[in-house]
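2 protein chains.
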Amino acid sequence: MQDIRVQKTFEALFALEDIREIFRGTLPTGLNETEEQEFQKKISALKKVINELESGTGKPEVFRLAGNLPVRDREESFINIQPIQAAGKLTVDARKALIAYGDGYSTCDSCKKPFRLDKITKPGIADFHSELADFLNMDEARVVPGARRGFQAVASSLLEKGDIALVSSLSHYTEFLSVENAGGIVKEVPLNENNIITAEATAEKIEAIIRETGKTPKIMMMDHFDYQLANEHEIKEISKVSHQYDIPLLYNGAYTVGVMPVDGKDLGADFVIGSGHKSMASAAPSGVLATTEEWAPVVFRTTQMKGDLTERKFGIKEVEMLGCTLMGGTLFSMMASFPAVKERVKHWDEEVDKSNYLMDRLLSISGSKVLSEYPRKHALSKIDTTDSFDTVAKSHPKRGYYLSDELSKRGIVGLFPGATRAWKLSTYGLSRDRVKYLGDSLVEIAEKYGLEVR
Amino acid sequence: MQDIRVQKTFEALFALEDIREIFRGTLPTGLNETEEQEFQKKISALKKVINELESGTGKPEVFRLAGNLPVRDREESFINIQPIQAAGKLTVDARKALIAYGDGYSTCDSCKKPFRLDKITKPGIADFHSELADFLNMDEARVVPGARRGFQAVASSLLEKGDIALVSSLSHYTEFLSVENAGGIVKEVPLNENNIITAEATAEKIEAIIRETGKTPKIMMMDHFDYQLANEHEIKEISKVSHQYDIPLLYNGAYTVGVMPVDGKDLGADFVIGSGHKSMASAAPSGVLATTEEWAPVVFRTTQMKGDLTERKFGIKEVEMLGCTLMGGTLFSMMASFPAVKERVKHWDEEVDKSNYLMDRLLSISGSKVLSEYPRKHALSKIDTTDSFDTVAKSHPKRGYYLSDELSKRGIVGLFPGATRAWKLSTYGLSRDRVKYLGDSLVEIAEKYGLEVR
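From first to last, the protein sequence lines are chains A and B. Start counting the first sequence at 26; every next residue gets the next number (our numbering). Start counting the second sequence at 26; every next residue gets the next number (our numbering).
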């Protein structure tokens with residue numbers, strides 16, 4: 026099913042990198058005779074690939090990079106419904122930025138006093154930081170190597186040994202780990218019968234904790250949409266409850282920041298954390314930690330340490346950030362995607378619409394259920410096909426793998442191989458045509474195996 | 026001075042990304058008519074660029090990516106002597122891997138039980154982890170988002186509030202920050218008259234600390250080569266002293282791992298930390314933390330936290346790693362460069378040789394000094410041109426900027442703009458021709474301004 030032109034696009038990109046490498050080794054005075062010959066040779070090779078690309082001919086010639094990495098064409102040759110990859114897929118601008126800025130310390134070309142990443146003005150890294158804060162309607166923002174490093178910074182700043190952190194019963198494991206790392210203890214707020222965290226349940230849990238331990242939690246870490254069901258929790262109301270007890274609220278926006286509008290001040294968040302590689306079309310590991318004027322001096326506190334002998338101090342460096350955070354192409358991929366990200370959050374309603382369209386197609390297959398709240402408010406959903414696709418698996422020679430095989434034959438990947446009962450998928454960023462194709466494919470497979478379609 | 030072909034190489038790469046984008050939006054059944062037309066249009070544009078590239082004609086047409094990022098041609102159009110960028114420059118394989126694997130969670134295509142990055146076998150991320158440990162002759166290795174995150178993990182694991190960490194008087198600020206973050210206190214070992222940390226000075230400092238505080242340091246963090254002078258410190262002997270006091274040794278290999286052979290066991294290191302973007306030809310932020318069988322259960326301890334309500338546990342996740350560490354193209358850039366990195370460390374003597382060649386050229390300019398130990402044992406050096414190039418700056422209309430201007434005119438960048446007194450540079454990875462050109466250029470500038478050349 027793969028279009029040879031996808032392979033040839035990669036081969037042409039690689040051939041150009043080979044050409045680029047010649048310039049990386051030459052003198053500023055220009056290519057010498059040997060290098061010129063090499064250049065011409067590589068240009069010929071490139072032109073052959075371009076001809077094949079144009080005409081859709083030829084055979085794959087590059088299979089592995091550096092001897093062991095297959096060429097990854099998951100996004101070019103397939104529709105990818107993998108639940109956590111969808112919104113981290115790079116924009117074309119981010120891919121170009123990675124090409125130009127991939128080298129290790131490419132952020133540091135024009136670093137000058139005070140020597141801190143978020144102060145660099147050439148290119149506009151400092152501006153990007155203010156824009157990030159504005160985007161989230163918070164006062165200060167820093168980039169971090171993944172949302173988890175944001176949780177870690179906040180937990181490390183706010184928790185002492187034995188302190189309690191309140192989390193959701195659907196919280197991500199990295200929230201657990203960041204609390205554990207800081208010596209704290211997690212307490213979970215229960216879900217209601219619809220798998221939603223309510224403000225009421227939050228207040229009750231806080232009261233119970235105070236009653237049982239005599240201690241008030243030091244932080245509330247709450248996912249707006251959780252990673253398991255992508256249900257929307259009562260974040261704004263929870264924030265109010267939290268503040269009634271003087272508990273600062275960490276808004277976990279790993280599944281919201283970069284895909285839907287997030288207004289930190291309106292939500293009453295003290296910390297807003299987002300994931301670059303999960304929801305901001307950025308290379309990994311990347312993320313954002315934004316906070317208020319009140320909390321910035323705590324979580325972005327600068328070093329107070331002094332060398333006992335040299336009396337050295339590193340004044341402006343922030344302890345939790347460990348100085349600079351994202352030094353190279355990873356940051357530039359975030360920056361290059363940012364204009365598109367700012368635009369796409371305005372169209373979140375369309376993403377939700379596509380998500381619901383697909384759920385309806387799925388529900389038309391008798392026995393299928395949506396485990397997430399329904400109608401959907403998110404592009405990521407958890408579904409249960411125990412009474413539909415799984416009934417086929419029981420007698421199919423390939424067992425549960427038949428479903429991923431059938432989807433794969435239709436150019437759809439990202440379903441956990443073998444899964445036919447509870448599984449997750451995301452429609453984020455797929456065109457209407459692609460979502461329709463996806464729905465058609467599911468129905469087609471159902472019909473092929475004699476499942477009832479309403 | 027810039028070769029238009031460099032610009033056209035970038036433009037061709039970008040044009041191919043535009044073509045790739047078409048495939049990313051289409052149906053698995055293939056391009057439709059509109060998409061085919063777009064494809065043909067973009068192919069025509071690409072072919073025009075390729076023709077210009079081949080013939081070295083045309084004018085620059087792409088200036089900014091995503092509206093604000095200039096095309097970075099520092100490594101293609103110049104000789105870059107910036108001290109920290111040299112060994113982080115990507116190999117051609119790493120650049121290809123970034124192209125293929127740039128998308129956010131590209132590591133996770135085939136993630137399955139037990140769901141941890143270093144256990145992924147497709148592609149061979151698990152194997153890469155064992156190879157990394159072997160490469161450093163240590164028992165276990167993890168990738169981390171920068172060497173500093175390795176320091177943080179070790180400091181957080183070993184230090185309690187008020188504990189003492191012993192560091193070098195030339196230690197990097199991130200060692201300070203990681204200790205401060207863990208609530209510890211740094212104590213510095215003094216340099217000898219040659220700016221070297223000796224085992225003797227280390228033993229004396231430990232004794233003094235015990236005498237004054239009654240406490241033995243909990244960790245020794247020692248740079249093999251420091252970041253300021255890149256002098257070699259008595260790491261192996263220091264390690265012995267350290268162990269006599271039962272103090273575990275963290276070997277800071279930010280300037281060694283990936284450029285010269287490092288044998289952790291032979292050095293007696295309990296932890297070996299390297300930087301991907303500083304010395305392993307990798308995208309940032311990346312690094313490695315390797316340790317012994319003895320310390321792995323401490324620094325790579327798995328989570329013990331349990332949800333009070335759900336009783337959830339995340340068994341295999343490592344607390345200090347916060348689960349997975351480098352999820353996307355950053356890791357693949359490390360992996361793709363690794364074969365070249367393993368090879369290049371065998372040729373460290375040649376790098377040292379080139380470094381000394383350049384120092385000798387510099388010293389031929391009367392008044393110039395090498396502030397680092399000399400003869401050089403490293404590619405990075407700190408030099409002092411107060412009595413040579415700086416004497417010109419005093420009366421030059423451009424002041425200190427004349428030197429970076431003169432170098433830049435000759436296609437050499439990376440000198441801190443305006444610096445004419447103490448400054449750093451690295452010859453790492455430059456060809457002999459490039460190093461000679463660099464030496465010739467310095468001498469030429471000296472002669473132009475009437476400095477005595479011996």
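Rather than coming from a laboratory, the hints here were simulated on the basis of the structure. Fair warning: this is a prediction, and the values are worked out from it, not measured in the lab. Among the clues, some could well be false.
When chains are identical, the list treats them as one kind, so a pair holds in a single copy or across two.
In silico DSBU-like links for lysine-lysine, alpha-carbon gap of 35 Å or less [claimed, not checked]:
#1 Lys72 <-> Lys240
#2 Lys144 <-> Lys265
#3 Lys73 <-> Lys243
#4 Lys394 <-> Lys338
#5 Lys73 <-> Lys402
Evaluated hints:
no.	hint	verdict
1	Lys72 <-> Lys240	neither (70 Å within a copy, 69 Å between copies)
2	Lys144 <-> Lys265	within (34 Å within a copy, 42 Å between copies)
3	Lys73 <-> Lys243	neither (63 Å within a copy, 62 Å between copies)
4	Lys394 <-> Lys338	between (60 Å within a copy, 27 Å between copies)
5	Lys73 <-> Lys402	neither (48 Å within a copy, 46 Å between copies)
Violated hints for the displayed structure, listed by number in ascending order: 1, 3, 5.
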